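Enquirer: Chains as they are written, first to last, in this note's numbering: chain G, 1 to 305; chain E, 1 to 280; chain D, 1 to 507.
Derived from the structure by calculation, the hints contain no laboratory data.
Remember, it's a predicted structure, so these values are computed and weren't measured experimentally.
Among the hints, a few may not be true.
Said to hold, decoys possible - Keeping only pairs whose Cα atoms sit at most 16 Å apart, straight-line, the calculated EDC-like set for lysine to aspartate or glutamate is:
#	chain 1	residue 1	chain 2	residue 2
1	D	LYS176	D	GLU186
2	D	LYS453	D	ASP469
3	G	LYS252	G	ASP165
4	D	LYS228	G	ASP142
5	D	LYS164	D	GLU221
6	G	LYS107	E	GLU11
7	D	LYS496	D	ASP256
8	D	LYS496	G	ASP15
9	D	LYS491	G	ASP15
10	D	LYS468	G	ASP15
11	E	LYS180	G	ASP15
12	D	LYS368	D	GLU358
13	D	LYS228	E	GLU11
14	E	LYS8	G	ASP264
15	G	LYS252	D	ASP457
16	D	LYS491	D	ASP274
17	E	LYS102	G	ASP165
18	E	LYS267	G	GLU253
19	G	LYS191	G	GLU204
20	D	LYS164	D	GLU134
21	E	LYS98	G	ASP165
22	E	LYS174	G	GLU253
23	D	LYS228	E	GLU48
24	D	LYS453	G	GLU6
25	G	LYS74	D	GLU63
26	D	LYS222	E	ASP41
27	D	LYS176	D	ASP192
28	D	LYS453	G	ASP264
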Amino acid sequence: MEKLPEKRRRKAVLDWLSSFAFVLPVVIGIAVFTIVPMVSSLLYSFTRTLTTVKDMGPWVWLENYRLIFGVYWKQIGESLGVTFLFTVISLPLNLVLSFALALFLAKDIRGIRAFRVIYYLPVMLPAVVSGILWSSLASGSDTSAFNVILTHLHLPAFSFYDSGDTALFTFILLGLFNIGGSMILWIAQIKAIPVSMFEVADLEGANAFVRLVRIILPLCTPMIFYNLITGIINSLQVFNGVVTLNIEPEGKEALGFIVVQIYDFYNSTDLSMACALSWILFLIIAIISALTFKLNRWVYYGEEV
Amino acid sequence: MKTVRSVKIAEYVVRYAVLALFAVLFLFPVVEMVLKSFMSDLDIRFGELFPTSWGLASYAEAIDAKYWWWMRNTIIIGVINMVGITLSSSLCAFGFAKLRFKGRETLFFLVLATLMLPSICMQIPLYKIYYGMNWTNTWLPLTVPGFCGGGALNIFLMRQYMKGTPDSICEAAKVDGANKLGIYLVIVLPMCVPILGYVALTSFLGCWNDFMTPLLYINRESIYNLSLGLYYRYVNNAGSIPPANVQMAAATVMLLPCIVLFFCFQKMLINGVTVGAVKG
Amino acid sequence: MKKFLAALLALLMCLSAVACTNPFEEEEDPEQAEAAGKVVIKVGVLGTTTEQDIFSRYKRSFEAKYPNISLQLDPIPGDYATGMNNYVINESFPDVVFTTGDQHAAYSSQGHFVDLRAYAAADDTFTFDDIYPELIQTTHYNTEDEGIWFMPRDYNKVITFVNKTMLSLVPGDNGKMFAGYGSFEELQANWDLETFYEVCAAVTKKVAENTQNPAGVSQEEKLAGLIKNTYAVDARYNWAPAYSPILKHYGGTMIDTSALNGANTDYSKVLSVDATRTMEAYRSFYQNLARPGYVKQSLTSSGVSLFPNSQAAFWFTTRPSWGEVISNNATFEVDFLPFPYDYTGVGCSGYAIPKLAESRISDNAETKPGTSEKMSNADYAWLFLKYVASEEGQNEFGSIGMGVPSRISLRNSGTWTEYGSAELNHRAFIEEVPGQTILSVNDIYCFPATAQKTVSDNCISIMTYVVKDGFWPDDLTLAMNSGNYAAIYGKVNEYKATMMTRINASL
Chain G
1 MEKLPEKRRR KAVLDWLSSF AFVLPVVIGI AVFTIVPMVS SLLYSFTRTL
51 TTVKDMGPWV WLENYRLIFG VYWKQIGESL GVTFLFTVIS LPLNLVLSFA
101 LALFLAKDIR GIRAFRVIYY LPVMLPAVVS GILWSSLASG SDTSAFNVIL
151 THLHLPAFSF YDSGDTALFT FILLGLFNIG GSMILWIAQI KAIPVSMFEV
201 ADLEGANAFV RLVRIILPLC TPMIFYNLIT GIINSLQVFN GVVTLNIEPE
251 GKEALGFIVV QIYDFYNSTD LSMACALSWI LFLIIAIISA LTFKLNRWVY
301 YGEEV
Chain E
1 MKTVRSVKIA EYVVRYAVLA LFAVLFLFPV VEMVLKSFMS DLDIRFGELF
51 PTSWGLASYA EAIDAKYWWW MRNTIIIGVI NMVGITLSSS LCAFGFAKLR
101 FKGRETLFFL VLATLMLPSI CMQIPLYKIY YGMNWTNTWL PLTVPGFCGG
151 GALNIFLMRQ YMKGTPDSIC EAAKVDGANK LGIYLVIVLP MCVPILGYVA
201 LTSFLGCWND FMTPLLYINR ESIYNLSLGL YYRYVNNAGS IPPANVQMAA
251 ATVMLLPCIV LFFCFQKMLI NGVTVGAVKG
Chain D
1 MKKFLAALLA LLMCLSAVAC TNPFEEEEDP EQAEAAGKVV IKVGVLGTTT
51 EQDIFSRYKR SFEAKYPNIS LQLDPIPGDY ATGMNNYVIN ESFPDVVFTT
101 GDQHAAYSSQ GHFVDLRAYA AADDTFTFDD IYPELIQTTH YNTEDEGIWF
151 MPRDYNKVIT FVNKTMLSLV PGDNGKMFAG YGSFEELQAN WDLETFYEVC
201 AAVTKKVAEN TQNPAGVSQE EKLAGLIKNT YAVDARYNWA PAYSPILKHY
251 GGTMIDTSAL NGANTDYSKV LSVDATRTME AYRSFYQNLA RPGYVKQSLT
301 SSGVSLFPNS QAAFWFTTRP SWGEVISNNA TFEVDFLPFP YDYTGVGCSG
351 YAIPKLAESR ISDNAETKPG TSEKMSNADY AWLFLKYVAS EEGQNEFGSI
401 GMGVPSRISL RNSGTWTEYG SAELNHRAFI EEVPGQTILS VNDIYCFPAT
451 AQKTVSDNCI SIMTYVVKDG FWPDDLTLAM NSGNYAAIYG KVNEYKATMM
501 TRINASL
């Protein structure tokens, strides 16, 4: 290869620098707020560091991981189990219901915008507000709003958040109030389907079911994929919704998701254990996301790709 | 003809009935929150669904001077972030969408990859970093990260939008001798007003709702944001927690700006959410 | 319309951002104070209104006494442990930090605080002799330790708060109010465990009647809280100082410090949550308080108190809780009676000097008398601690009513006895009840530091099951074993396993 003249090379470097300057903020951001903490978190997980002691503790290498898979396994395994259970139940439920709702709301009829706003409303609730709200509406006491309604309907009161047996169910159920978030995405995707496709389908006498299965669903696969990935990542990390609840300890124990456990270790001064556990969570999320990406052959990206 | 019409009418009736039914369901929590906020202590004790007597006493108790002060803090943090996130994410997105340079794709992949990291992994060690810089108990941990890229999702959305704008104008400007900053400022930004507005609005709302960051890095009552103030008052309070009507009054006032903003900018918000997802 | 609304919102937001004034005590600029030749001493104080009030009182009167010292507030957020951990991680301890008898050990045992005995020994103007000995006990971090790691500020014995307004509407079998005693004075004169249960029964009966027939309830009774969801006693059974003495009264204990045996300690014995005598104590607790419906069988994880909201006739708690009654704008009259059980808990809060303060020397520091050495911030902090324990400081503190002095000499006098009304039965806070033993509740510290939070959380969780009907058989006369009481044994064993895991992993 011929060596570039000095001037042109300088120009190329300058060009690169001036382009790179635009993305410099995010480079700094990732370095300072992501990579450095991730690495130090990994280092801490190989030590025995307490939050009540200022220095990094002695190196114990894999001891923390041995504890997690040893004596703590019953507790942590259970917590991982609850987290997976929550993800496996709530994610499909959310996807299906929000999709069904979107099908209903996609058609532009009079006043439809108002309905979309209403369905989106619970998504707008700040974390603290929804914590305060749900701990009050869905407590097991007979004066909580849900139980008052049940009583009016001559149904027995339900324990909702106040019992270990029903807390997870309640959490999943109330999580459904947030399907408006994915609903908005589905609507956009459905409305992006060219009208001509439906016209052709009508000409060929396709009924609603055929239209759904042959046109709408395949064309929505990118969105299914997007919602799936973000859904997995978010539900494996669920935390805010639990920590802002003021409910009976029994209910809170039943909602002992993995990030809650990590926070608990941190609060009991065991910094290194918290770091080790959060790295395990990171690996789990990375593996599941990678698998999902690997298996995305069913996603239809349109002809131009 | 007639039957087709009546079928159509029936379809509409069913559609609206179902819509209305679900609307009632979805409105219930928020409406109940507002109703409870107007109740008296006795109504709360009896578990009424509707106030037997309407009163503003709970508002008077919930919205005190501290509440206003926290709200002011939240607004200031929100506005700073709004500017910071919009500016830095549009800069980065411009870099990723319109400029060609070595390492661009790798870098962009890296940016997207950060979306998958569990935030708890970073939170604990970040505290030490902030402390080292003397940032704890200031608003810097809440505002500075916004200026450093403004979040992978925002960059992604902006980049998608910018990719959709015609390259030809930029090329023409380049031929005319405009530099990169000029193209960004004069040509690309004006074309991106909808997505800029979306990012600005969501970053403000994000700040309004933010809870984890202040929880970790702020422990001075006078610089709390509203979320943190309400959390220490109504959720994690070692003393006694005020009754539900006061809690609901505080929550209602906090929710109000979100609803007004959403109502006013509904179209922009909904379009914005879908930009990246539909086109990506 | 929309634009108008948006503009209106923006305008309102701008207005509120500009117009509102800072309601928080304006913190003096430390640099300014330094420049004015003062020594700045930072004091870490809990974020609660009461604690901050107390601090601003201290500040005013202490600074008047020592014009060259400026006390600066350094608030700890709602959760004490998190705030303290942050101090540790960041090495940012203030010069003085608030602590309590049952919370200091995690820090004092790790060497974060200075031992006050050295300061007292070097100072002939001060001795610990006038501080209640049971409080001095709580300043050690375990049973063997003899260090005095903080200065006790108050004497917080668990006693019984009484809602007089409510009781004045509760008739006894003889038709007289106050459950048949006619007046509070009469009730006080007859106060013992039996009387306590008797009044509980009367309140529960009255509330049940009113719940059955809500239409017939008079406005007066409604306002006094004699309606649905009111309980006889807010027993705070999710709080160790209240439940430990009751369990002890019934012969059980969750933590058996007598099983401690140095390096050979068998922690599964120390953690005696599942010992038969403890199980029997749970049963008595349930049988006497929960089954008859005297206590609420469910409590949320953080403290929603019934009593300040007029939802209970009695409240087992300590003096500082009075603040909650007052700040709740309670419309009922409060009075005090001793704790009715054979044991009661006592604890205290106070101030410690973090080790770091010893290495801080202000530019404005004076030299120690008789030497050329400059006074460190810890030396100045000691002046503040001495002031807190002095009669003057204790009276300043007593005047806002939220505590009982830690000085024995102020047992029957001082501002605290006049707070509210001198007519009230303030003696309940300090008087010795014949036959009652005082426990200092800090036995949690016999466990390794990283296990303490888990142990205390899980002990509380056990208590929340102990009071639930679903965990007990109908027949409570059955012999105590895991066959007859499978449900509660199951829960207790589950929690014990969790606690033991954490303890063993922490060793």
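Enquirer: Does each hint fit the structure? Answer for all of them.
Expert: Hints and how they fare:
About 11 Å separates the Cα atoms of LYS176(D) and GLU186(D), which keeps this hinted pair within 16 Å; it holds. For the hint linking LYS453(D) to ASP469(D), the alpha-carbon distance of about 27 Å lies beyond 16 Å, and the restraint is violated. Using a Cα cut-off of 16 Å, the hinted pair LYS252(G) and ASP165(G) holds, with the two alpha carbons roughly 11 Å apart. At most 16 Å may separate the alpha-carbon atoms for a hinted pair to count; LYS228(D) and ASP142(G) meet this at roughly 10 Å.
Our distance criterion of 16 Å between C-alpha atoms is met by LYS164(D) and GLU221(D), whose separation comes to about 12 Å. For the hint pairing LYS107(G) with GLU11(E), the CA-to-CA distance comes to about 12 Å; that is within 16 Å, so the pair holds. Our distance criterion of 16 Å between C-alpha atoms is met by LYS496(D) and ASP256(D), whose separation comes to about 14 Å. In summary, the hint linking LYS496(D) to ASP15(G) is not supported, as the alpha carbons are separated by about 66 Å, beyond the 16 Å threshold.
Of the pairs offered as hints, the one joining LYS491(D) and ASP15(G) is violated, with about 68 Å between alpha carbons and a cut-off of 16 Å exceeded. For the hint linking LYS468(D) to ASP15(G), the alpha-carbon distance of about 73 Å lies beyond 16 Å, and the restraint is violated. Straight-line distance between C-alpha atoms of LYS180(E) and ASP15(G) comes to about 10 Å, which keeps the hinted pair within the 16 Å bound. Only pairs whose Cα atoms come within 16 Å are accepted, and LYS368(D) paired with GLU358(D) is accepted, the gap being roughly 14 Å.
Using a Cα cut-off of 16 Å, the hinted pair LYS228(D) and GLU11(E) is violated, with the two alpha carbons roughly 48 Å apart. With a CA separation close to 57 Å, the supplied pair LYS8(E) and ASP264(G) exceeds the 16 Å bound. A hinted pair counts as satisfied when its Cα atoms are at most 16 Å apart, and LYS252(G) with ASP457(D) qualifies at roughly 12 Å. A C-alpha spacing of about 10 Å is found between LYS491(D) and ASP274(D), which places the hinted pair at or below 16 Å, so the restraint holds.
Taken as a hint, the LYS102(E) and ASP165(G) pair is broken in the structure, with Cα atoms around 56 Å apart against an allowance of 16 Å. Taking the CA atoms of LYS267(E) and GLU253(G), the gap is about 41 Å. The hint is violated against a cut of 16 Å. Only pairs whose Cα atoms come within 16 Å are accepted, and LYS191(G) paired with GLU204(G) is rejected, the gap being roughly 21 Å. Distance check on the hinted pair: LYS164(D) and GLU134(D) sit about 31 Å apart at the alpha-carbon level, beyond 16 Å; violated.
With a C-alpha separation of about 54 Å, the suggested pair LYS98(E) and ASP165(G) falls outside the 16 Å cut-off, and the hint is violated. The suggested pairing of LYS174(E) with GLU253(G) is violated, with an alpha-carbon distance near 61 Å, which exceeds 16 Å. Pair hint LYS228(D) plus GLU48(E) holds up; C-alpha atoms about 12 Å apart against a cutoff of 16 Å. A threshold of 16 Å between alpha carbons decides the hint, and for LYS453(D) with GLU6(G) the separation of about 67 Å lies outside it, so the pair is violated.
Restraint check: the Cα-Cα separation between LYS74(G) and GLU63(D) comes to about 55 Å, which exceeds 16 Å; the hinted pair is violated. Pair hint LYS222(D) plus ASP41(E) holds up; C-alpha atoms about 11 Å apart against a cutoff of 16 Å. For the suggested pair LYS176(D) and ASP192(D), the alpha carbons sit about 19 Å apart, so the restraint of at most 16 Å is broken. Distance restraint check for LYS453(D) and ASP264(G): the Cα-Cα separation of roughly 9 Å lies within the 16 Å cut-off, and the hinted pair is therefore satisfied.
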